[in-house]
Each structure stands twice: as C-alpha cells, then as structure tokens.
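A.B. asks: Below are the chains, spelled out letter by letter.
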Amino acid sequence: MTAAIVIQQAINGVVLGSLYVLVALGLTLIYGVLVQINFAHADFVTIGAFAAYFFMHLAGGSYPAGIAVALVTGGALGWLINRSIFAPLRRKGGELPPLIATIGVSVMLQNAMLAWFGPVPYAFETPYSQQVFRVAGTFITMQSIMIIAVSTTAIALLYVFMRCTFLGKALRAVSQDYETTGLMGINPNHLVLLTFVLASALAGMGGAMLAPVLVLTPFAGATVIVKAFAIVIIGGFGNVEGTILAGLLVGLIESYTTQFLAPGLIDIVVFGLLLLMLAFRPTGLISERREENV
Amino acid sequence: MSDIPNAPESGCGHRPGSRRLGLLAAAIVVVGLPMVFTGSYWQANLTLCAINVVLALGLDFILGYAGQLNLGQSAFYGIGAYASTLLVMNGGWPFWVAFVTGVALSGLAGMFLALFAVRLRGHYLAIASLGFAVITYQILLNWISLTQGPLGIYAIPPPPGLKIPGVPEISFANPVALFYLVAGFALLTYHVLNQLVRSPIGETLTAIREDEISAASLGINAAAWKAFAFGIGAAVAGAAGCFYATFVGTLVPDAFFITESFMILAMVIVGGMGTLIGPVCGALLLTLLPELLRAFGDWRLVIYGAALTLVVMFVPGGFVQAVRILSAKLGLARGAAR
Chain A
1 MTAAIVIQQA
11 INGVVLGSLY
21 VLVALGLTLI
31 YGVLVQINFA
41 HADFVTIGAF
51 AAYFFMHLAG
61 GSYPAGIAVA
71 LVTGGALGWL
81 INRSIFAPLR
91 RKGGELPPLI
101 ATIGVSVMLQ
111 NAMLAWFGPV
121 PYAFETPYSQ
131 QVFRVAGTFI
141 TMQSIMIIAV
151 STTAIALLYV
161 FMRCTFLGKA
171 LRAVSQDYET
181 TGLMGINPNH
191 LVLLTFVLAS
201 ALAGMGGAML
211 APVLVLTPFA
221 GATVIVKAFA
231 IVIIGGFGNV
241 EGTILAGLLV
251 GLIESYTTQF
261 LAPGLIDIVV
271 FGLLLLMLAF
281 RPTGLISERR
291 EENV
Chain B
295 MSDIPNAPES
305 GCGHRPGSRR
315 LGLLAAAIVV
325 VGLPMVFTGS
335 YWQANLTLCA
345 INVVLALGLD
355 FILGYAGQLN
365 LGQSAFYGIG
375 AYASTLLVMN
385 GGWPFWVAFV
395 TGVALSGLAG
405 MFLALFAVRL
415 RGHYLAIASL
425 GFAVITYQIL
435 LNWISLTQGP
445 LGIYAIPPPP
455 GLKIPGVPEI
465 SFANPVALFY
475 LVAGFALLTY
485 HVLNQLVRSP
495 IGETLTAIRE
505 DEISAASLGI
515 NAAAWKAFAF
525 GIGAAVAGAA
535 GCFYATFVGT
545 LVPDAFFITE
555 SFMILAMVIV
565 GGMGTLIGPV
575 CGALLLTLLP
585 ELLRAFGDWR
595 LVIYGAALTL
605 VVMFVPGGFV
615 QAVRILSAKL
625 GLARGAAR
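The listed protein sequences correspond, in order, to chains A and B. To convert, note that position 71 of the first sequence is 71 in my numbering; the numbers rise steadily by one, no gaps. To convert, note that position 215 of the second sequence is 509 in my numbering; the numbers rise steadily by one, no gaps.
Next up, chain B with everything else stripped away, as it sits in the complex (with noise of 0.2 Å):
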C-alpha cells in the first residue's frame, strides 16, 4: 500500500530532548482539563476522549506504520473488555491481573489475524478482518451463559482504589481520578509507539507498508512482523476495552459491532494516518464533533460521515495534511510580506 500521505514528521519531534518536553506539555494538558470542564457530563466525555485516543494510536499502528488493512479492530476491542470483565466479576481475579490478561488475550487475536494478513493483502485483508469482527460480535452475542448475550453484563466495579502511604485512598469511582488513569495510559500509549516507530523496527514495519517484495528482498521477515504490528495494535485496543468497561460500567455486545470499527477508522483517517499525533486529534475530534452537535439531533451522525467522506476527497492527509498546508500558506505570507 502506497497511499499514506503524511510523511515521516520532521522538524521539532526528532530531539529526544523536545519529546519529552512535548510529553510533559502535554501531561500539564491533562491535568488541567477537569479543572477547566468541572461538570460531570464534560468529565466523562474526557475520559471517554482517552479511550478514543488510545483504539485510534493501536489502529494506526497496524494501519498508518504496518501498511495493513484492518477493519477488526473492534473485535480487538470487545475481547478486552468482555475478557477483564467476566475475570473480575466471574472468576474474582484482581483487576490489574485481568486488565494484563485481557490485553494479552487481544494481543493473541491479533496475531491470529495476522496469519491472514500474511497470505492476504488490500481488500481480501480488509474483508477477512471484517468477518473476524463479525464472528467476535456474534459469540459474544450469541454466547449467553458466558456474556449474558444481548442483556449485557451490569454493574462493573471501577478499577480499585490506590493506596499510597501517607495520602488518603485515590478511588476510581471517582469520575476525575478514571479520566486520571485513562489519559495516564492514553500517554503511556503514545510514548511508547512514538519509541517504537522512531527506533529500526518502525522502519522495518514502514519497509513492509511501502514495499513488501523489497522489505523480503532485505532479508525482512515480512509474516513475523506482521505479526507483531497486529498484536501490538491489537493489545492495546484490548486495553481501551477494558477501561471502557470499568467507565461505563455495563457491557452489550452492540457497543463492539463492526460499526466500531468504522469509527475508530475514521478517527484514525480524519486526524492522519501514519503520524501518532494525527489519530490523537482524530480521536479528539470525532469524539467531541457529536457531542458539539448535538443541537442537530439525528442528523449528527450524517455529518459524521460527511466529514470522512470529505476528507479522502479534499485532505487525504487528514488533519495534520490540514494544519501543516496552512502553517505553510502562514509562513508564505510573512516570507512575502517581509
């Protein structure tokens, strides 16, 4: 697949130096967002903007750096959230125990569908990981001693409390505490791709997305880091299934069906695949674009689509394409005014 637009970012991310101070600007960001937005309903769009963040980062993995179309991604997601939940609640594990088991249950089903991705390319992968979406949302629809089916599964416990000598219990029932944790992950997640992709291996997966004969050609072991982008993509859409189940506190397989999939897509697409940063203000936009929306009633959902239909029309590189052709035409002013 050849058709990324966005370019390796240059400019003030390649110091390690500025990354970390970028992180920590962004951290300081987090911190002050529940101060900003105090009202209960803003707060849980936050923590629900995390999540979004956190699938959008694992998509783009796969999709924006390993070249590899996958619309599975919701799967991913669901088995993280059903697999930590029914740990918790069922087996009486505790909830970090199940939240690494989730994500390495979904890490493991990605990899399994990058048994196809080695033999499959484009559309046949795009279809292929659909169907592995469908069958995920038909068991744990249809697997009701298991999942409750379409009832759902209610009343999830939040992760528990963390206790530090010396400072009162951090509950996590506490709305701002979650949306603590999550984004706490959320940049976790990003810190962690953005080593990735900087280090040889992003480079080897970049090999593989632009051309797969040339990358085998250099001794690349295509299939085996296929393998990897899809575990890893996938291990950390589990994880944002398993805070997902904590926030919202019930589960019903329809919040995974393949529709997710589409959604996290778009995020990933609107904001500009094949950079970290695109799918973070992705995720952000399409996050909050609904809830903006909201005055349009139905008709929100339509403009959704319009957005992503308008952007591989006019901005294929999404956001990013977006921000830099502007600081472009900026500079080009002040170069001629000057």
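Same shape as in the complex, but just chain A (with noise of 0.2 Å):
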C-alpha cells in the first residue's frame, strides 16, 4: 500500500513538475539571453490557459487543438508586448526599468483579466481526466499521459533546437555573449524577438495544461510563477538541464510535501530549499560559467 502511494506521488509529481519545466524553461531562456526577468510571463501562461478555454467552450474545439491555439496566443502575445514595452527599454539599458516595466505589464494583465473573466474559478475540463488506466493499485489519466508527452515532446524538440540548429546554436551564442555575437553577423535583436516568442509560447501551452490542474482564474499564472522562479534559481538561472532537473523536483516535493506533510506547507518547503541553494550553491544544481550575478 505504501509503495503504491510513493509510487502515485511520484507519477503525479512528474506531471505537475513537467508542467512547471515548461513554464520555467521560458523564464530561463529570456534571462539567457537578455539576463532579464519577466513577472509578466505568469500572464501568458494564464492567457494561454484562457485562450484554450474559450476555444473549446466557444468554438467547440477539441483539446488539443485547444493546446495549440494557447501556443500561438502565448508567442502572439510575447512578440507584441517585447515589441512595444521590454525593446525599447533594453535600448536604454539599465536593470532595474526592465524589470519594473514587467511587473507593470504583469498588474496591467492580470487586472485586465479580472475585469473581463471576473474572479470566479472556471471549470476547465477536459474529456481526458475521465479516462483512467490502472496499473498494480496506481492509476493514471490520460490527460496526465497526455501532459507528459506533449511536454516531453517540446523540451526535446527545443532542445535539439538548442544544440543541433544554426538558430539555437546563435542563441546559445548570444546569451553567453551579446556583443560579440552581434561582430559575427548575427543580428542579436531578432534572437531576442525569437527568445522571448519561443519562451511566451512556451508559457502559454504549459497554461493550456496547467488549467486542468489548478483553479482558473485571472491569477492562476501568479500562483505558478512564484515556483518557476525557485526552479529557475534552483536549476541555475539560464541553464536549461539545469532548469528541468529542478522542475521535475519541485514537481516531485509539491506532491510527496501534499501526500506526506501538508498542501499549505508546500511553498514554504520550495521556498526554503531556494533559500538555502542561494546560501550555500547559488550557481544552482549544474554550475556554470555565469557568474557576475552571484
């Protein structure tokens, strides 16, 4: 009985920290290569997850295609507001302004949501969570071998992208070294563009599979975010083994943290561990080169 309990826990922690891997893997990347946070990615996940809503509840799509539609809302919605607000303050340089303008976009987000959605919860199902398989006193949905391997899928497919294409191989370049990257005729500002539309779709989609999972509403992306960045920091800050080692993680601690201690407990044990790994390891769990920070 027991063995079966660890063994649940640690399928259902798989499937929640696969979910945060791709939220948090955006994150990563836009510090990569920007060295910038974005509070505002919380918001694309949340409006992935509501474009997907509307999509099936309105257009009477299916699932999946609902997962597809939050993709290209998400990257939709990065090009137009790193076009419009994060480019042209980059251009003026500085830290702090970059990182404000985020959490400015993020307010202004969000509150636009409530004003639209209203603060009461949707239910978002799916016709997945149904069907569930059992195997030796554990069981399984669908939907939960649905989110792992579509988010397998994206983590591998970005990172053959990452090491294999010229684009990604550029991109790895330029966030280990902006300016020169820029001598060898590579043009930085459209690996920007491609960095931070990469990283919101990426947001989105993990909202189109998050929103089963949590309660949607105008702030779910909030509640989510808060862990990306522990995992982001846990992982190393722009270290994408890094990042999925540490969201598989925080995804397996959330669920023994439910099962064994207590749900309210689980932010605060997260929290800790990233308080002790910026103590005493704040280069994160794989080290690396990226040091001026630390």
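Hints are computed from structural coordinates only; laboratory data are not their basis. From the three backbone atoms N, C-alpha and C, an ideal C-beta is built for every residue, glycine too. Take these hints with a grain of salt, some might be off.
Unchecked claim - Now the in silico label distances, taken between C-beta atoms and shown as ranges:
1. B:497 x A:121: 49 to 59 Å
2. A:127 x B:334: 48 to 58 Å
3. B:409 x A:60: 52 to 62 Å
4. A:123 x B:588: 26 to 36 Å
5. A:121 x B:625: 54 to 64 Å
6. B:504 x A:279: 20 to 30 Å
7. B:597 x A:61: 28 to 38 Å
8. A:117 x B:440: 50 to 60 Å
Stated by the list, open to error - Chain B is nowhere near these chain A residues, computed Cβ spacing over 10 Å in every case:
9. 88
10. 106
11. 129
12. 150
13. 170
14. 253
15. 259
Reconstruct the complex from the two isolated chains, following the hints.
C.D. replies: Here you go:
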C-alpha cells in the first residue's frame, strides 16, 4: 500500500513537474539571452489557459487543438509585448527599469483579465481526465499521459533546436556574449525576439495544460510563476538542463509534501530550499560560468 | 546598480534651517488636512496615505539609497503587523511595548535577509527576497493556531488614548486622532531618514550602491552597511504594519501577499527613487489615484499597471524628475521671454 502511494505521488509529481519545466524554461531562456527577469511570464500562462478554454467552449474545438491555440496566443502576445514595451526599454539600458516594466505589464494584464473574466474560477474540464488506467494499485489519467507526452516532446524539440540548429547555436552564443555575437554577423535583436516568442509560446502551452490542474482564475499564472522562479534559481539561471532537473524536483517535492506533510507547506519547503541554494550554492544544481550576479 | 536616475537633491533642501522650515510647513499641511476632508471616507484614505508614505520611505532607503533590489517589503510589513497585534491581543502587552517589539522583529528579519544581500546581487537578490516574502506569507496563512490563518484576527483595538494632565484624554478610536498619530510618525520617519541620508552614513550607502568593489577598497564594510540599510528599511515597514493593524482593525494574510511588495515598489518608482520626497509623492499619488479612478471600476488597477510601465519607459526618475524637467522648461521659457 505504502509503496503504491509513493509510486502514485511520483507519477503526480512528474506530471506537475513537467508542466513547471515548460513555464520555467521560458524564464530561463529569457534570462539566458537578455539577463532579464520577466514577471509578465505568469500572465502568458494564464492567457494561454483562457485561450484554450474559450476556444473549446465558444468555438467547440478539441483539447489538443486548444493546446495549439494557447501556444500560438502565447507566442503572439510575447511578440507584441516585447515589441511595444520591453525592446524599447532594453535599448535604454539599466537593470531595474525593464524589471519594473515587467511588473507593471503583469499588473495590467492580470487586472484586465479580472475585469473581463471575473474572479469566479472557470471549470476547465477535458474528456481525457475521465479515462483512467489502473496498474498495480496506482492510476494515471489519459490527461496526465498527454501532459507528459506533450511536454517531453516540447522539451526535446527545444533541446535539439538549441544544440543542433544554427539558430539554436546562435541563441546560445548570444546568451554567452551578446556583443561578440553581433560582431559575428548575427543580429542579436532578431534572436531576442525569437527567444521571447519561444518562451511565451511555451508558457501559453503550459497554461493550457495547467488549467485543468489548477483553479483557472486571472491569477492562476501568478501562483505558478513564483514556483517557476524558484525552479529557475535552483536549476541555475539560464541553465536549460538544470531547469529541467529542478522543475521535476519541485513537482516531486510538491506531491510528496501534499501526501506526507500538508498542502499548505509546499511553498515553505520549496522556498526554503531556494534560500538554502542561494546561501550555499547560488550557481544552481549544475554549475555554470555565469558568475557576475553572484 | 547604477540606474538611479535622480541625482542627490540640490537647492533649498541643503541648509538645515530651510529643512526645518519645510518640515514645519509639512506639519501645518498635515494638521489642516482632516479639516479640509471632513468625510470619514476621505479621512480613512488620509490615514492610508500616511501608512503608505511610511512604507515607501522604508523601501526607498534600501532600494534608492543602498541600491539593494528588495522585493520582500511585504514580509516586513506583515511581521510588524502580526507581531504587535498578537503581543497586544494574546500576550496582553501594552501597545507601545508591543509596537517597539514588532518594529524590532521586522528590523531583525530585514537583517536576516541582508545575509543574502551580502552574497547576492541584482536579480538573485530580487528572487531571494521574493522567496522570503512568499515564505512569510505562507507561515501567516498556515500557522493557524497563532495567526488564525485565512480567517484573520478581528476587533484589534486602537492604540491606547493619550492622557495629558489638564487636557481631555485623546482617544485614537477617533479617526482624526489616529490620522494625526500616523501622519506624525510619517513626518518623524521622513525627518530621521533625511538626517541619515545627508550624513556620512548616507554617503557610505550611496558609495556601495554605485560601486561596491570601489567602496570596499576604501575600507567600507559593505556587508555591515547593507545589514544596516535592510534593518532600518524593514523596521520602518514594520512600524507601518503596526499602524495598519490598529487602523483597519482586522488582519488577514492576504494583506501581506507579494503583490503588496510590488505596490510599494510602484510607489517608490513612480515617485522617484533615490530621493525622499519622491516616494512620499508616489505613495500619495498611487493611494489616491485608485480612489479617484473608482468610476473605472475594475479597470483602475489596469491603469495603475499602465502608469508604472509608462513611468519607467518615459520618465525613469518618476514624479521628481518630471517636476524637474517641467520647471527647467518653464524657467527656460521665462529666460527667453526676458
């Protein structure tokens, strides 16, 4: 029995963790290339979730198509906001103004959604949550299998993209040395735009898959984003492998804390770990060369 | 961090005599305010303004002067509020003793967070302080036997009345008296911080803000001074928390969620960080603006977010910089006319 519970919570943890990875990867990509913290990332998650919800309930679309809609919506929104607000600010330089602008944008988006959609939670149900497979005292829903499949595919594609394609290599080059990349004939501005769109699209897609797990309100993304920040730090800012590892770790911590301690302690455990990491190993689980902020 | 847009204040504020005159003028304005705004709705807003001024001043000392990117201010605010209230209501302590203890505990929490500021800079410190605020909020929410969690604490008494021989007792159950108390404290905070930032201590902090390594090479113990700045800024936020609890009369953890840190940050930025008058203006603007925008209903916080974004995009020095630019233009126009 106890073994079944442990395995069951491991499954739940991996499902949740893979969603956190999707959200956190976007943050880490943006940080790697731009050295910028993006608080509005939370709202790309929420908007993705709402896009999928309304696509399914108003247009009568299927859930997989809803996920695709969320992906596109997130990417488009990322492009728009980067173009209109973050890019002009970055040209002026400085560390604090872009950070505060992301907070301002986040407050704006969250409350615009609150005005439109109201504070009452939306019930986001998919047909796949009902299909349950039972194996040796544990169970897994079709929804969970889909989440793991989609996020693993997305993460693998991203990984291959970063390692094997010219654009991906250019992205990694920019994140190592912004100015020299420009000298090598690569336009960093295009790459910044690409990063932003990619990260926001991942967030939107993550939102569409998180919505059935969370309570879908205009603040849904905000509850995830603080954990995503913790994941990014625990994994090492800008480090893709570390982020994947830390995301799964936080998912597991969350499911085991819920089972064996109390759900209210999740954030305390996660952020306690974060503060310990910052105190003793600020470069993250997998050390990297980015040292200037530590 | 070198993106402090506002250079040190110049002009009339420099001479101690005129500084005292400015404080006197501010005190007269404060005394007059409740006589102009007589409705209880506006009087409550005035007290809220005074609390927010104290909060913004505290953050500005850490962020604008010491240059530490701190998003944990909501935690210090909450610690002050809960500590003082619980000591009064559960411990039966006299209010002012509980007040001083609450302020001291907040200050200690700030110095604890400064341990991280010694090793971390910029974004890492921002996330560490955010993490600290999340943990504090979750403790307030989950330690139900102590804080009553989401149910909250109700019927918090106002500070005890002031007994001066020969004068009728001043009761702080009266909203105007409470406003005078909090506004008086805000003026005191402004005055003390003003003295601090103009003293060699202020210059030391600014040196750390501008270039920590050069400051250290001059023999400045950056770690100790950061702890000092965090301690002072957090203690000030704790005091605001004590007043908030007695002013509202109820405490729920949601009042100290991380969004509160963002709101305080917005006040400092919109007003103009690295000056003291800036955060005061920012706190007044952003407390009254949502009230004035009530007609917009749910959209008023959208306007709030937009204001924050537009300020950093176009006037990064905030209200103070805007006034300076305006007055320079006016001065120029006058010069040309002559």
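A.B. asks: Hints the structure violates: just list their numbers, smallest first.
C.D. replies: Of the numbered hints given earlier, those the structure breaks are 8, 9 and 10, listed in rising order.
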